[in-house]
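A.B. asks: So the chains spell out like this:
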Amino acid sequence: MIENTRSIDRVATAILIAGLAFVLAPLAVVVITATQSYEDFLARNFSLVPGTHFAGNFREIWTRTDLPRQTLNSVIVGAITAAGRIALAVTTSYAVVYFAGRGRGLVYAAVVASIMLPLELMIITAYQVTANVALPLDAVANMGGWWGALFGAPLDLQWNLLDTYAGISVPMMAQGSCTLILVQFFRTIPPQLARAAIIDGAGPLRFLRDILLPLSKGPLTALGIYMFISAWVQYMWPLVAASSPARTMAVVGLARLQEDAERIPDFPLQMTGAILVTLPPLILIALFQRRIVRGLTLSEK
Amino acid sequence: MKQAIFRARFLLWGLAAPQLIVLFLFFYLPIILAFCWAFHLEQPFGGGSQFVGLANFRRVLGSSEFWSSAGATLLYMVLASGTSVAAALVLALAADRALKVSPLARNVFIWPKAVASASIGVIFVFILNPFLGILAPLNDLWPGFWNPRTNVLHTYIMLFAANVWNAIPFSFIILLAGLQAIPQELHRAGAMDGAGPWRRLRDIQLPLLGPQLFVVIVLEVADSLSGSFGLIDTMTQGGPGGATNLLVYKIYSDGFKAYDLSGAATQTVILMALVACVTGVQYLFLERKVNYDR
Amino acid sequence: MPKTSTLSALAFMAASAAHAADIEFWYGNTGTGEEAIQAACAAFNAAQDDHRATCVGLGGYETAMQKAIAAYRSGQHPALIQFFDAGTLDLMLSGAVMPVQDFEPGADWGDYITGARSYYETSQGALYSQPYNGSTLIFYGNRELLAKAGIDALPQTWEGVAEAARALKAAGVDCPFATDAHPWRVLEQFSARHGLSIATESNGYGGLDAEYTFNAGPVAQHLQNLAGWREEGLVKLDADTAAGKYTTAFNTGECAMMEGSTGSYGAAFAALGDKVEIAMAPMYEGYERHNTLIGGASIWVMKGHSEAEYDAARAFLDFLRLDEQQIEFTRATGYVPVTNSALAALEASDRAGSLEFATARIGVDSLNQPGGADSRGIRLGFYVQFRDIFMEETQKAFTGGQSMQAALDSAADRGNALLRRFEQTYQGAELP
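Chains S, V and R, in that order, are what the protein sequence lines are.
When you line the first sequence up against our numbering, it's residues 1 to 301, in that order.
When you line the second sequence up against our numbering, it's residues 1 to 294, in that order.
When you line the third sequence up against our numbering, it's residues 1 to 432, in that order.
Looking at chain S on its own, in the form it has when it is part of the complex (with noise of 0.2 Å):
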């Protein structure tokens, strides 16, 4: 620093210690809480004294109730969801990028759009389009009747994807922020690279495996742990989209224990499921932290 300010960075750090305990304690509670038994807890309420039942709530956690399984789901969907949304991204952003047609300005209009309102605000029709996703070739069938003329009885496809990997992945997938990403990411690729490619007689799609796709392993590779945790971390959609135990994500689940009526609840295990889905995710971005945080800032230069 430039001037001596021993006073301001005895402030600063005092902001910092207390930013840190903000974060930190409600962790800490969560961490002690799960130590302790359900009978401890009743006998003392809340207490920061560490307990030594945390081996029985996982034991409890992992035979008694549906989070293991559900956990899995979100590592399912969680990667079905990141790897379809980079997939799509880079197809799009790429022929955004370097594809003349007249149509390209509207494509990326058209994605970036997306990003203005989540799915959380249409909940109640986009459950209604996923209850059915052959929606809209009935209704063009439909219009008119023309369908029904031709072929005696309107036309009715039913395709419900409720309760399915697909169903729960492919709406959070319908959001354009990676696609601006990528485009800004490949907007800084020198231009020369891609006609160097066509002077080698590369055609588009080479150009892409070859070339584009290699340089940009870094970007994508954190993009898609970020968009990983991204989904892990969603609730509403999960919970709308899947209503049996086998198909809800973690954090869902997580929210149900909360539901167990008939007695106090029992906050050591709700801790100790906390743990469990919140885990995987935090073990990602305290390894990967540089990586997203580099990725991150990328898009907003």
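Just so you know, the hints here were simulated from the structure itself, not pulled from any lab data.
Careful, some of the hints might be misleading.
[To be verified] With the Cβ distance kept under 8 Å, some of the chain S side facing chain R (calculated, not the full set): (1) Asn132; (2) Asn160; (3) Leu162; (4) Ser243; (5) Ile264.
Every residue gets a Cβ at the ideal spot worked out from N, C-alpha and C, and that includes glycine.
Got chain S; can you put chains V and R on it based on the hints?
C.D. replies: Chains V and R alone, transformed into the frame defined by chain S:
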């Protein structure tokens, strides 16, 4: 868009098609359907629907509970994004200084990103439980000191606390990156001109942080809205007495619990318009003040 | 001969295979109720080889209905589905269901106790669904806590409840009486047993043009009393209890009395054993006691399935109606038997006096009190939404945001708006 290199028009559409189909099905079609239902009275079991013109809008806009919900939604958007951006800004300014704790703080402040809003709801509702949580002893001393289940102010404090906790990482990362991109020479020049640290904060750091602040505010406002559902569903269920029944939650319960498809769709349309307006206003008033010159 | 017998066995198997079908039954219960339903399902599948029922829990009555609506709109609904009382009118007009008495004309529908039938039949008496997990409102007391205040019998009147609550308070019981002030308790069951209507047209049985009327008269008085008693420290609502829920607060011994569903008895008995004492819900002095309403849920037959599936559905419904099935269900949950024959079989058995069946006697007794046109049930549109509105408005009054009268008036206004919209949504539909 100066890089357009390939001319295969079919390939352009072929490459863009997958995303366009997904977007059409799960983004544009729901919007169209919401508009459609908003102008019809839809029977829940699909037995029939009839066109009613603007009747649904008249009904929704004429009901006081819609306005109190919309008011609560706006208030929540402003206060939740305001508190979380302010907290992140203060932390980022502090972490920008080369302090011993800075590296640790930079790492830890990103952790909440891994915690779902619903999970933090479950956790905070326990920690702040008036009878079993951390403040319970105070309630024993002064009955009624803290009860977010019945006291609206306490409920909102609880929601904002959870929201700030959850929202720190994103704003913090962006703002810190912005601060670190400010060249040291500017600081030095400012110091030589006799500007103290506070003055430099006001005249150099904050103005140059404009683009980042703008992005962070826009995204936090949108995020506070969608993230509110997880918090409300696990912490308040819209209570006490409907005080935290924000539009996102109200639409969910009207549509999914009360089978009022038309009413929910109408409110969806209104909420989408509201969000579009808020975003538009932000662009109009905030972006103008942003200094993009670097 | 062995050859022909093999052949005929094959033929028989083929024949029964032709009728055999897998059906799904969707339900909303969780906890003890869910365990009992799954047990019934397993018993049905074990008892015969022709059909197979898969019972699918959806984690709540409201979720079950939401999933059913989506499933029906996309043609993927189950043959049988359980719906809760408040959804009755929505289903009757949905066009998605068949009246159960037409579906299975051979069954003895007259065997159902009147209180259980009337909620699910038309004003002309046509039964639309098979009553299943029937409950009603009763009064609970914790014998041990009551004894502290020298009370040896549960109060029969609200005046008596207030008096007992004061005595309990004086004896150091911090929470004398707990309720969640849910409209099922403080509005519907309260009005029914006091012989009052909550809406015109006999609570909607007479037509879709009904209007709410509860905001004047005894209901308003009762809610004002509850608010006053809460101020006095005699009554605690969910939010005031450490447990966060009135049933839990009762089961953990925090609260001495509560008004609750018979369906809460299973958990209360498991937690408190013979300390639990139950009685019919209290009346205000000067009113004649009428029947309480059946709560819980019934089973509906949905349209659009094959005859083979409907055979399986009939078999499953028949099975659930069996006396021993109902008795077992009552034992496990506290729900009441819903047919006279099951009740008689229970009374005749040596288990009749057992504490596990305490709710059967008192619950059915309460359901069988003399009834009137206003105590058949509730037949009002968007009623689920109205319940939320009622809760929201009264909660504001309890926490001091508005007066109780203003809360009830605005609940009635908002409710009437819902009724008008319901009427319009089903324009042209005839209330059966």
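A.B. asks: A separate judgement is required for each hint: does it hold in the structure or not?
C.D. replies: How the hints compare with the structure:
Evaluation of the Asn132/S hint against chain R yields a held restraint, the C-beta minimum of about 4 Å falling below 8 Å. Contact between Asn160/S and chain R, as hinted, is supported at the beta carbon level, the nearest pair being about 5 Å apart and thus within 8 Å. For the restraint placing Leu162/S at the interface with chain R, the shortest Cβ-Cβ distance is roughly 6 Å, inside the 8 Å limit, so the hint holds. Interface hint at Ser243/S: satisfied, since its Cβ lies 5 Å from the closest Cβ of chain R, which is below the 8 Å cut-off.
For the restraint placing Ile264/S at the interface with chain R, the shortest Cβ-Cβ distance is roughly 5 Å, inside the 8 Å limit, so the hint holds.
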